[in-house]
Amino acid sequence: MTVARSAEAWTRRASWLRRHGAVAALALAASAWSLWLHGGSPVPTEDAASYLWMAEQFAAGQAAAALGLVFPPGWPLAMAPFVWLGGTAEWVGAWLGALALGATVPAVRGIAERLRPGAGPGAALCFAFGPLLPRMGAELFSEPLFLLVMAWGTWWGIQGRSGWCGLLAGVAYWIRPEGVLLAVAFAAVQPRRHLRALWLAAVAVLALPTWRFVVGLPWHLLPLHTFHEQRDDLPERGAWLRNLVAMPGPFVEAFGLASLLLLAAALRWRRTTSAERSAAAPLWLGIALQVAAVASFVVRRRFFLSAAVPVATLAGAELARAPRRVRALGAWLLVGSGLWINHNGLIPASRQVERELGHWLAAELPPAAQLVSDLPRVAYFAGRKPPEPRHFTAAQLVEQAAAPNVRVVVLATQSRRSSAAEAAALLAAPFEPWPLPEPLAERCARQGFVVLRRR
1 MTVARSAEAW TRRASWLRRH GAVAALALAA SAWSLWLHGG SPVPTEDAAS YLWMAEQFAA
61 GQAAAALGLV FPPGWPLAMA PFVWLGGTAE WVGAWLGALA LGATVPAVRG IAERLRPGAG
121 PGAALCFAFG PLLPRMGAEL FSEPLFLLVM AWGTWWGIQG RSGWCGLLAG VAYWIRPEGV
181 LLAVAFAAVQ PRRHLRALWL AAVAVLALPT WRFVVGLPWH LLPLHTFHEQ RDDLPERGAW
241 LRNLVAMPGP FVEAFGLASL LLLAAALRWR RTTSAERSAA APLWLGIALQ VAAVASFVVR
301 RRFFLSAAVP VATLAGAELA RAPRRVRALG AWLLVGSGLW INHNGLIPAS RQVERELGHW
361 LAAELPPAAQ LVSDLPRVAY FAGRKPPEPR HFTAAQLVEQ AAAPNVRVVV LATQSRRSSA
421 AEAAALLAAP FEPWPLPEPL AERCARQGFV VLRRR
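The working numbering applies: residue 1 is where the sequence shown begins, and numbers increase by one.
FYI, nobody ran anything at the bench for these hints, they're computed from the structure. The beta carbon of each residue, even a glycine, is placed where N, CA and C say it ideally should be. One or more hints might be untrue.
Derived DEER-like restraints, expressed as beta-carbon distance ranges [as the list claims (entries may be wrong)]:
| no. | residue 1 | residue 2 | range |
| --- | --- | --- | --- |
| 1 | Trp36 | Leu440 | 24 to 30 Å |
| 2 | Pro367 | Ser296 | 40 to 46 Å |
| 3 | Arg446 | Gly40 | 17 to 23 Å |
| 4 | Phe213 | Ala328 | 54 to 60 Å |
| 5 | Leu260 | Trp199 | 35 to 41 Å |
| 6 | Arg446 | Thr210 | 21 to 27 Å |
| 7 | Ser350 | Ala24 | 37 to 43 Å |
| 8 | Ala207 | Ser296 | 19 to 25 Å |
| 9 | Gly86 | Gln352 | 43 to 49 Å |
EDC-like mimics (lysine to aspartate or glutamate), calculated; alpha carbons at most 20 Å apart, straight line [claimed, not checked]:
| no. | residue 1 | residue 2 |
| --- | --- | --- |
| 10 | Lys385 | Glu364 |
| 11 | Lys385 | Glu399 |
| 12 | Lys385 | Glu356 |
Build the full structure now, drawing on both the sequences and the hints.
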């Protein structure tokens with residue numbers, strides 16, 4: 001009897017490993033790949049500088065300061081407890097982003113299996129080794145955590161668990177505003193079953209401006225949208241027709257081979273069964289809503305990643321229809337192209353000078369001295385609040401520098417816009433070049449960075 005029970009136990013373990021071992025290994029590989037890419041990134045992305053600063057403010061108990069930035073607070077809030085415990089914001093962001101990517105893989109696999117048995121592995125590969133997404137974790141963007149919440153919200157939605165779907169859609173909204181569209185997609189396809197999801201998501205949406213109001217900030221339903229409405233540096237913003245025409249290229253750049261599989265799935269739509277169409281309908285609508293959100297703003301390949309979960313699952317289901325040899329070739333192409341594109345798309349090593357310059361300024365400037373710059377990373381590494389995520393005109397930069405407590409101005413005069421070089425010329429009277437030590441001076445000159453201090 002003992003031998004029989006032992007054999008049965010080993011059989012159960014072997015069955016569990018067959019069913020879950022591969023997805024667990026892929027999840028670990030996705031996390032490790034993100035961390036490896038982070039190790040090769042000299043600095044985080046410019047938007048991440050604001051997220052890191054917000055996380056540090058939350059950790060220090062300065063909620064009003066953190067919420068004063070236009071970025072949603074969900075990603076910084078997730079980092080804040082670990083920063084409070086003593087971790088550096090960059091280290092915390094890299095590990096949380098990597099773990100979020102890995103934890104999303106099982107949900108993507110599960111969703112794809114619900115669409116079509118055997119689709120899970122292909123969908124997981126489309127997600128974990130896409131041409132863009134792994135770099136988002138490495139460069140400390142909010143996408144990994146956002147997609148983690150969206151994936152599990154989608155999983156509960158296809159299970160008919162409206163409450164969890166709506167709750168997670170609301171949580172996703174705190175990370176990126178497009179998150180609420182998850183609840184909209186399910187409620188639109190199955191209004192009776194998923195109306196509850198809309199109510200729960202709405203509560204989470206309203207909670208954010210309410211918190212801002214409590215800490216003394218204006219009550220704005222969507223501060224980021226309000227900020228973009230006031231911008232004058234994005235002439236293509238809201239140009240629907242122009243943006244729709246411009247979408248195919250960036251969409252393919254965002255998803256690579258998965259985008260071609262998605263096109264094949266769309267062409268096959270009429271030949272699928274009604275049950276398959278019913279199961280996939282919320283996913284297709286989710287993609288359409290996310291694409292519409294991009295069209296209403298500006299087209300950037302990164303913005304399409306908000307649809308990464310339904311794109312990966314539908315692409316995986318399409319790949320599962322192919323013959324075995326074609327599936328194997330597709331898997332190799334997915335992994336190979338993803339590895340190559342992500343590795344070659346990292347932030348250039350020359351950008352390390354922004355970290356070096358920021359740290360030098362942090363050591364040289366008095367705590368109360370303010371800095372004006374069009375380089376968010378320099379401001380962050382100097383211990384100052386990063387500037388707003390926009391391009392400034394020369395007049396706007398000069399106006400900011402006119403504040404009496406501004407001691408230093410740092411400008412990138414070799415950028416594609418001429419405003420920084422023009423501002424540097426206009427500031428020649430109240431400011432003077434600040435001599436930098438070598439080799440920092442030579443590196444800054446090579447990048448076209450001008451450092452001015454008040455006379």
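Right, here's what the structure says about each hint:
1. Judged by the Cβ atoms, the range 24 to 30 Å given for Trp36 and Leu440 holds: they are separated by roughly 28 Å.
2. Evaluation of the 40 to 46 Å hint for Pro367 and Ser296 yields a pass: the beta carbon distance comes to about 42 Å.
3. In this structure the hint that Arg446 and Gly40 lie 17 to 23 Å apart at CB holds, the actual value being about 21 Å.
4. Between Phe213 and Ala328 the CB atoms are about 56 Å apart, so this pair conforms to the stated range of 54 to 60 Å.
5. For the hinted restraint 35 to 41 Å between Leu260 and Trp199, the CB-CB distance of approximately 38 Å keeps it satisfied.
6. A beta carbon spacing of about 48 Å between Arg446 and Thr210 contradicts the range 21 to 27 Å that was offered as a hint.
7. For Ser350 paired with Ala24, a C-beta distance near 38 Å keeps the hint of 37 to 43 Å intact.
8. The hint said 19 to 25 Å for the Cβ distance between Ala207 and Ser296, and at roughly 24 Å that hint holds.
9. At roughly 25 Å, the beta-carbon separation of Gly86 and Gln352 lies outside the given 43 to 49 Å, and the hint is violated.
10. Proposed proximity of Lys385 and Glu364 is supported: the alpha carbons are some 17 Å apart, at most 20 Å.
11. This hinted pair checks out: Lys385 and Glu399 have alpha carbons roughly 17 Å apart, not beyond 20 Å.
12. With a C-alpha separation of about 17 Å, the suggested pairing of Lys385 with Glu356 holds against the 20 Å cut-off.
Of the numbered hints listed earlier, those contradicted by the structure are 6 and 9.
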